[in-house]
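There are 2 protein chains.
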Amino acid sequence: MRVFIAGLGLIGGSLALTLKERGTVEEVMGMEVSEERAKEALSLGLADRIVPFEEGVTTADLIVLATPVDTIPMLAVKALNRVQKPQVVIDLGSTKGELCEMIDQHTRRSRFVAVHPMWGTEYSGPQAAVKGAFAGRTAVICERERSDEDVLQMVEELLRTLQMPVIYMSAEEHDLHTAYVSHISHITSFALANTVLEKEREDRHIFDLAGGGFESTVRLAKSASSTWVPILMQNKYNVLDVLREHIHQLQLMRRMIERDDTTGLREVIDRANSIQRIIH
Amino acid sequence: MRVFIAGLGLIGGSLALTLKERGTVEEVMGMEVSEERAKEALSLGLADRIVPFEEGVTTADLIVLATPVDTIPMLAVKALNRVQKPQVVIDLGSTKGELCEMIDQHTRRSRFVAVHPMWGTEYSGPQAAVKGAFAGRTAVICERERSDEDVLQMVEELLRTLQMPVIYMSAEEHDLHTAYVSHISHITSFALANTVLEKEREDRHIFDLAGGGFESTVRLAKSASSTWVPILMQNKYNVLDVLREHIHQLQLMRRMIERDDTTGLREVIDRANSIQRIIH
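Chain order of the listed sequences is R and U.
The first sequence begins at 1 in the numbering used here and counts up one residue at a time.
The second sequence begins at 1 in the numbering used here and counts up one residue at a time.
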């Protein structure tokens, strides 16, 4: 199998490394935005060669779109414009509504699968790519009923190779759920980092005590704006809903602390504890 | 050395286990709030025997207060009322202002050291105690100038045994800094957990996608209200200041998303990225 990956950063690069390691691809062609990143990706072994989009899309068996989510809908249309059966196009982006709308009426829509691998780190770019990524994490396939059987089979086989269990949902469900369990976590991390960094301007020693708990809540604040601005904008309405609810929850706690309402606080914290049902 | 530890939960219990492992204590006496927890602590080997406060305080070389922070000031006064040179009293609580004020004019103030080991997990109670805790984490000593030389020496020796580097500050500085780098992280985690749990009531599958990023930001939401309500109340004014700033940062991001202000969002995220200077 020959694979063409547009975007050899954290996600695309990790896919390349992992597929090569498993021996499931003969050749990985790649595309990168700049000369510099292309060189970096080559030297890291993320691709065998760098090719123009046109060439990758017309010669690969599998075309993978792993660029920032604001560029994926356009690349998806351009890829579908050029592919022929049995070629397959997938994307690995974190938002699906806009993408699925853009390709909804494309004559070759059935050659496409919208995939979201629920894996990532706070790092980005070719150097962030790691071997053995994805294993054990869930992959979401959106609008499965819109893809041909052979296309779905190829993609599900690929996800088995990556050792990812698959779940299916609509693009709307996907974007709602990711707003709650991924996008809001990034916003709170960015805001928390800036809260403390703001204070550091007057008090340089504020970080002397930063320990384990702090690290785990602000880890995601290292994530790149080039990845996250497009995600937050593409999922704008869901993100705003969750953010509104989150600010409301913080204001509730704030009023309780102001009023010495220890009973209320205890209830709020005890309720939050039931998150143990879900994460371990 | 004989040690008496009031409170054999996460912190006190871990201290007992770690000191025993290092062979630096002959006997650990312990105190617990309930019969049940006392039995649990004994069966876990956190103490050699359970004794009344009076007995522990009058017979131990080192008295350690590791109960919830709202009970520490009163226990500190009661312990100081009973100790004689060369006995030493320390606490391991996460807030220091109220405590240091309560013992400020005690005739035996100099037998006390206010210590905050910057270590913890999201678990609590005797079962949460772990061997080898504390190593490599910072310990804060507040108001060092208020303790006798022999007292400080004993405590610093103890912290060396635990492999904790020591830093010194006033109680006010301590409470301000911990509000920023520890207490606010817990509030955001509790609020985030409740934001998502609230949504789960209408959409049971919201957690199907919960992955790595989410887990790291809500991990602290498992923390016990019996520990955290007292901490938040004792550090009320600092916590409210930080919370106000944090809500402000979230509202800033919310307005930017509402207005499609991608330039502003990029700046906010790029600024948050500089947290990399501090955490690794």
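Fair warning: there could be bad hints in the mix.
The calculated DSS-like cross-link candidates involving lysine-lysine, where the alpha carbons are at most 27 Å apart (straight line), are [to be verified]:
hint	chain 1	residue 1	chain 2	residue 2
1	U	K78	U	K39
2	R	K20	R	K131
3	U	K85	U	K236
4	R	K236	U	K199
5	R	K39	R	K20
6	U	K236	R	K199
It should be emphasised that the hints constitute simulated quantities derived from the structure, not laboratory data.
Cross-check of the supplied hints:
Simply put, K78 (chain U) and K39 (chain U) have alpha-carbon atoms about 25 Å apart, close enough for the 27 Å limit, and the pair holds. A C-alpha spacing of about 9 Å is found between K20 (chain R) and K131 (chain R), which places the hinted pair at or below 27 Å, so the restraint holds. Our distance criterion of 27 Å between C-alpha atoms is broken by K85 (chain U) and K236 (chain U), whose separation comes to about 35 Å. Simply put, K236 (chain R) and K199 (chain U) have alpha-carbon atoms about 18 Å apart, close enough for the 27 Å limit, and the pair holds.
Using a Cα cut-off of 27 Å, the hinted pair K39 (chain R) and K20 (chain R) holds, with the two alpha carbons roughly 19 Å apart. Between K236 (chain U) and K199 (chain R) the CA atoms are separated by roughly 18 Å; this keeps the pair inside 27 Å, and the hint holds.
In summary, the one numbered hint that this structure violates is 3.
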